[in-house]
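Enquirer: Start from chain W and add chain U according to the hints.
Heads up: the sequence lines are chains W and U, in that order.
Residue numbers for the first sequence follow this note's numbering, so the first one is 1 and each next one is one higher.
Residue numbers for the second sequence follow this note's numbering, so the first one is 1001 and each next one is one higher.
One thing to keep in mind: the hints can contain errors.
As the list claims (entries may be wrong) - In silico negatives: residues of chain W with every beta carbon more than 10 Å from chain U:
id : residue
1  : Leu28
2  : Gly65
3  : Ala79
4  : Thr85
5  : Glu177
6  : Met180
7  : Phe183
8  : Glu217
9  : Ile476
10 : Gly487
11 : Pro508
Unchecked claim - No farther apart than 25 Å at their CA atoms in a straight line, the calculated lysine to any residue pairs in the SDA-like style are these:
id : chain 1 : residue 1 : chain 2 : residue 2
12 : U       : Lys1055   : W       : Ala87
13 : U       : Lys1055   : W       : Gly88
14 : U       : Lys1055   : W       : Thr483
15 : W       : Lys120    : W       : Ile474
16 : W       : Lys120    : U       : Arg1089
As the list claims (entries may be wrong) - Simulated coverage check for chain W against chain U, where a stretch passes if three residues somewhere in it have a Cβ under 8 Å from a Cβ of chain U:
id : stretch
17 : 163-173
18 : 190-198
19 : 202-208
Since the hints were derived computationally from the structure, they do not count as laboratory data.
No experiment lies behind these values; they were computed from the predicted model shown.
Backbone N, C-alpha and C fix where the C-beta goes; we use that ideal spot for every residue, glycine too.
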Amino acid sequence: MLSSVLGTIFASTITTPDIAWSALIPLLVLSGASIFLLTIVSIAPKDLPPSFYATYTGLAALASGIAAIPLWIRVQDDARGPFRTIAGGYSVDGFSLIITFLILLSVLLVACLASEYLAKEGITGPEPYALIMLSASGGIIMAGANDLIVLFLGIEVLSIAAYVLAAMDMRRVQSQEAGMKYFVLGAFASGFLLYGIALIYGATGSTSLAAIRDFLESTELRKDALLLTGLAMALIGLGFKVATVPFHFWTPDVYQGTPTPVVAYMASAVKAAGFAALIRVFYVAFGSYQSDWQPIIYGLAIATLLVGSLMAIVQTDVKRLLAYSSISHAGYILVGFQSGSDNGVVSVSFYLITYAFMVLGSFAVVSIIGSLNSGQTTIDDFEGLSNRRPILAAVFTIFLLGQAGIPLTTGFFAKFYVIEAAVEARSYGLAISAMVTAVIAAFLYLKILIKMWLSDDTGSEPFSRLQARLNIPIRIQVGFVLTISAGFTLIFGVWPQPIVELARNALPIIGFS
Amino acid sequence: MFALTIGPGYYLALSAMLFIIGAIGLLIRRNPLIMFMCIELMLNAANLAFIAFGKEMDDLGGQISVLFVLVVAAAEVVIGLAIVVAVMRRRPKATIDDVSVLRG
Chain W
1 MLSSVLGTIF
11 ASTITTPDIA
21 WSALIPLLVL
31 SGASIFLLTI
41 VSIAPKDLPP
51 SFYATYTGLA
61 ALASGIAAIP
71 LWIRVQDDAR
81 GPFRTIAGGY
91 SVDGFSLIIT
101 FLILLSVLLV
111 ACLASEYLAK
121 EGITGPEPYA
131 LIMLSASGGI
141 IMAGANDLIV
151 LFLGIEVLSI
161 AAYVLAAMDM
171 RRVQSQEAGM
181 KYFVLGAFAS
191 GFLLYGIALI
201 YGATGSTSLA
211 AIRDFLESTE
221 LRKDALLLTG
231 LAMALIGLGF
241 KVATVPFHFW
251 TPDVYQGTPT
261 PVVAYMASAV
271 KAAGFAALIR
281 VFYVAFGSYQ
291 SDWQPIIYGL
301 AIATLLVGSL
311 MAIVQTDVKR
321 LLAYSSISHA
331 GYILVGFQSG
341 SDNGVVSVSF
351 YLITYAFMVL
361 GSFAVVSIIG
371 SLNSGQTTID
381 DFEGLSNRRP
391 ILAAVFTIFL
401 LGQAGIPLTT
411 GFFAKFYVIE
421 AAVEARSYGL
431 AISAMVTAVI
441 AAFLYLKILI
451 KMWLSDDTGS
461 EPFSRLQARL
471 NIPIRIQVGF
481 VLTISAGFTL
491 IFGVWPQPIV
501 ELARNALPII
511 GFS
Chain U
1001 MFALTIGPGY
1011 YLALSAMLFI
1021 IGAIGLLIRR
1031 NPLIMFMCIE
1041 LMLNAANLAF
1051 IAFGKEMDDL
1061 GGQISVLFVL
1071 VVAAAEVVIG
1081 LAIVVAVMRR
1091 RPKATIDDVS
1101 VLRG
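So here's chain W without its partners, still in its complex pose (with noise of 0.2 Å):
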């Protein structure tokens, strides 16, 4: 009898889908290195040094990214291009591999940051840099998903370990604070997003992007508001990602709460890998669908512009004023994705770049300051940084300035192709709003850099606290960053043809026009 059952068992063959693993090594590079890194803390006699997991997890996205590279090349290859693997469900073209690149080049450089800002916490075990590289290959599923289940996978393996990384600090009731907020409400928007895959999947019948476009394409579809609401649910849950107005009141609080490393990552992998899964879905699966999904699009990008830069002038914390300033530049990269053609993609992937490395050098500054001063990081504890450290000053000095989109900064050009594009999309309106949103927001910054360079008030009492304290040296891994971030920002600022080019090698995403 059993026999009998175990022999038509391994009678009938199941037939596996084909898996090319060459283009998932990227991905089992740093899922692996994380769970090797966690192997052999626990099988040490002794401690290790935090600045071996630190220098570990750096060589890890590294290796992880030099993996990628022939993948490039072969997608870039005419003859070969970009291809789907396990069965559809994950594809590789250049958009999938530069959000992987910026992934990775976010870990690298928070890596670099994190190892000196968690010892001084009081932080020194593997954890943190084992959950960021679990949350970095969460978000290489994102950015190559085409398939909605495993875009959900993807979406909570980021954010189940981002959610660990944010309550981190234990000692600090900021930090427990914002990890609870975070999962709460990270939840919530999950628990939408899945119901509007459901009701997706239920419209069509298949929770493939390939499947859907193909089906929306050839059929008349007989449940309209079914498949029109879990759009509307996915998209919910996909803006709390990547903080859209009105989906954004976790981002504030998680962001002044959380490890000052932790959020540099958050700011620019999460972000990343959040949009990347938007343009996936909406361009892939819904692209037959722009005229429906565009006007609220529209809505959203007003909004965010809006709120976020008015908001943030009423801050008086930077690591909260930069939160508010995140939410309006996630409003600039719906600016672009609203225009729904090639070039609302190039526009937002040269904005994803040029803004991670904006966004991972103003938080270096900010953890600099923030740790030199147990932790607080008020706009007043900049106060006359630039009398006894100019460089550092100078260097933030550019980051803001490049946020605000000053020309002479690659964040003047990021916010020129984005409007550019809503201009050939015929959003007009839209195009002012940016327009206008940025002189509000360059009001923000230079609240900052008044603060930096122009007081005088020297005698007040953060000033003194601070700068009993300002001269201790910057670490050499710090001080790389902060050099990477701003020669980028200068350089790519007044020529920013390579980047642009990359952008537009991303071209085409697999299954859009």
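Expert: Relative to chain W, chain U alone:
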């Protein structure tokens, strides 16, 4: 015996109701444990919808999706409970209103 057949529509209505109960509960309840239950309710409402749609279309994809979601939901609750235990250990009563240092 009973002529009444319970079609997929009933399951979908139930799942929509569960989802709404979960979403509203998460917004109005203050006890973190009840909030977790509400999150579970939302995710499982989506599971029910997946199965109902899969059954209606005679497609296995819906049921497979549920297996993935179950794993994710389990992982999410583990992390959530750990964060709640860590946060509430230094506070006498477990309500979410106590978590309000960050505002501005």
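Enquirer: Each of the hints needs a verdict: does it hold here or not?
Expert: Here's how the hints hold up against the structure:
1. Leu28: holds, 19 Å
2. Gly65: holds, 27 Å
3. Ala79: holds, 34 Å
4. Thr85: Per Cβ check, W:Thr85 is outside 10 Å of chain U; nearest 18 Å; holds.
5. Glu177: violated, 5 Å
6. Met180: violated, 5 Å
7. Phe183: Its Cβ does come within 10 Å of chain U, the nearest being 5 Å, so this is violated.
8. Glu217: Label holds. Min Cβ-Cβ 19 Å, cutoff 10 Å.
9. Ile476: The claim stands: W:Ile476 keeps its Cβ more than 10 Å from every Cβ of chain U (closest is about 33 Å).
10. Gly487: holds, 34 Å
11. Pro508: Consistent with the label, W:Pro508 stays out of reach of chain U, its closest Cβ about 27 Å off (over 10 Å).
12. U:Lys1055 <-> W:Ala87: holds, 22 Å
13. U:Lys1055 <-> W:Gly88: With Cα atoms ~23 Å apart, U:Lys1055 and W:Gly88 stay inside 25 Å; holds.
14. U:Lys1055 <-> W:Thr483: violated, 58 Å
15. W:Lys120 <-> W:Ile474: holds, 14 Å
16. W:Lys120 <-> U:Arg1089: With a Cα-Cα distance of about 24 Å, the restraint between W:Lys120 and U:Arg1089 holds, given a limit of 25 Å.
17. 163-173: holds (count 5)
18. 190-198: Since 7 is at least three, the answer is holds.
19. 202-208: Result for this restraint: holds, n = 4.
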